[in-house]
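Q: Sequence:
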Amino acid sequence: MRLISSPARLPQAITYLRPSIHPSYTPTLAVMHLRPNPPITRSHPLPLTGQHHRTTVPQGPQLEVSLAEPSDSAALTEVFLRAFSDDFNLRLFPCTPDVRSWWVEHFRRDIELARSQHPSCAVLKVVGEGGVIAGFAKWQLPFVSASSATNGEEAKVHWPASSDSELCDRFFGDIHAERQKKMGGQPHYYLDMLGTSPDFNGRGIGSALLRWGLERADEAGVDTFLASTPQGRPLYEKYGFGVVREWEVIPGYRQAAMARCVEKQPNDRRR
Numbered sequence: 001m002r003l004i005s006s007p008a009r010l011p012q013a014i015t016y017l018r019p020s021i022h023p024s025y026t027p028t029l030a031v032m033h034l035r036p037n038p039p040i041t042r043s044h045p046l047p048l049t050g051q052h053h054r055t056t057v058p059q060g061p062q063l064e065v066s067l068a069e070p071s072d073s074a075a076l077t078e079v080f081l082r083a084f085s086d087d088f089n090l091r092l093f094p095c096t097p098d099v100r101s102w103w104v105e106h107f108r109r110d111i112e113l114a115r116s117q118h119p120s121c122a123v124l125k126v127v128g129e130g131g132v133i134a135g136f137a138k139w140q141l142p143f144v145s146a147s148s149a150t151n152g153e154e155a156k157v158h159w160p161a162s163s164d165s166e167l168c169d170r171f172f173g174d175i176h177a178e179r180q181k182k183m184g185g186q187p188h189y190y191l192d193m194l195g196t197s198p199d200f201n202g203r204g205i206g207s208a209l210l211r212w213g214l215e216r217a218d219e220a221g222v223d224t225f226l227a228s229t230p231q232g233r234p235l236y237e238k239y240g241f242g243v244v245r246e247w248e249v250i251p252g253y254r255q256a257a258m259a260r261c262v263e264k265q266p267n268d269r270r271r
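Just so we're aligned, residue 1 is where the sequence shown starts under this note's numbering, counting upward by one.
In case anyone wonders, no lab produced these hints; they're calculated from the structure. Check each hint, because a few of them may be wrong.
Claimed, not checked - Subject to a maximum C-alpha distance of 30 Å in a straight line, what follows is the list of computed BS3-like cross-link-like pairs (lysine-lysine):
id, residue 1, residue 2
1, 238, 182
2, 181, 238
3, 182, 156
4, 156, 181
All of these numbers come straight from a predicted model, not from anything done at the bench.
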């Protein structure tokens with residue numbers, strides 16, 4: 001396998017997260033920004049659908065977290081490609097027409113799944129001034145029935161032709177294995193994907209999208225899982241995550257599986 005000879009040039013903090021085992025799943029990636037942000041405002045603890053429920057992002061009164069729609073798929077793809085443009089990510093998903101088409105289709109399918117009668121995930125967006133999508137996230141929800149649970153087997157992903165398929169399989173496979181090892185079959189929230197547009201850095205969007213899921217995990221009394229680079233760890237540790245295992249993906253690029261146990265969170269983190 002071809003490996004880069006020097007460390008990839010990363011955003012301030014970048015996180016990769018493993019997709020759920022579903023026929024329409026997408027690989028998981030996330031960008032988080034390290035600036036501390038004040039708490040978000042909740043109008044209701046748990047609902048996933050309906051325009052009445054939105055989470056305000058304090059730094060921009062016109063910015064709010066809401067459910068993405070299928071028509072957002074192309075815009076979400078553009079945010080994704082801009083958020084993940086370092087050398088390592090470009091090996092996984094270069095800015096080519098087939099990669100764009102692949103992501104548009106996977107966003108669309110995930111959003112339709114999230115907006116179904118019995119959603120197993122939530123695909124979120126933050127819309128900025130002028131209707132521009134500033135950030136997005138996908139949260140995998142706890143199993144709602146036995147039929148929703150994964151059996152732990154890996155589904156075969158058909159990556160875009162332009163992608164480094166071998167690296168994709170190994171990279172996402174390692175994260176999936178760590179998730180299975182740590183969480184097993186127990187219900188938990190899983191931050192599958194999160195990204196923010198470079199045009200909206202420092203607005204607290206990433207932290208608000210993170211807290212959206214953590215609030216619900218606390219309300220449900222379940223743990224949370226994600227994977228992060230060392231740059232992202234301070235933010236996640238601030239919200240109660242601990243490192244399960246860290247490993248080197250390629251020279252200069254490391255990942256850490258992280259979990260957050262709900263019963264260990266102090267009261268001020270659960271409000």
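Q: If a hint holds in the structure, say so; if it does not, say that too.
A: These are the hints, each one checked on the structure:
With a CA separation close to 20 Å, the supplied pair residue 238 and residue 182 stays within the 30 Å bound. Under the criterion of a C-alpha separation no larger than 30 Å, the hint pairing residue 181 with residue 238 is consistent with the structure, at around 24 Å. Between residue 182 and residue 156 the alpha-carbon distance is near 22 Å, which keeps this suggested pair within the 30 Å criterion. The straight-line distance between the Cα atoms of residue 156 and residue 181 is roughly 19 Å, inside the 30 Å bound, and the hint therefore holds.
The structure agrees with every numbered hint stated previously.
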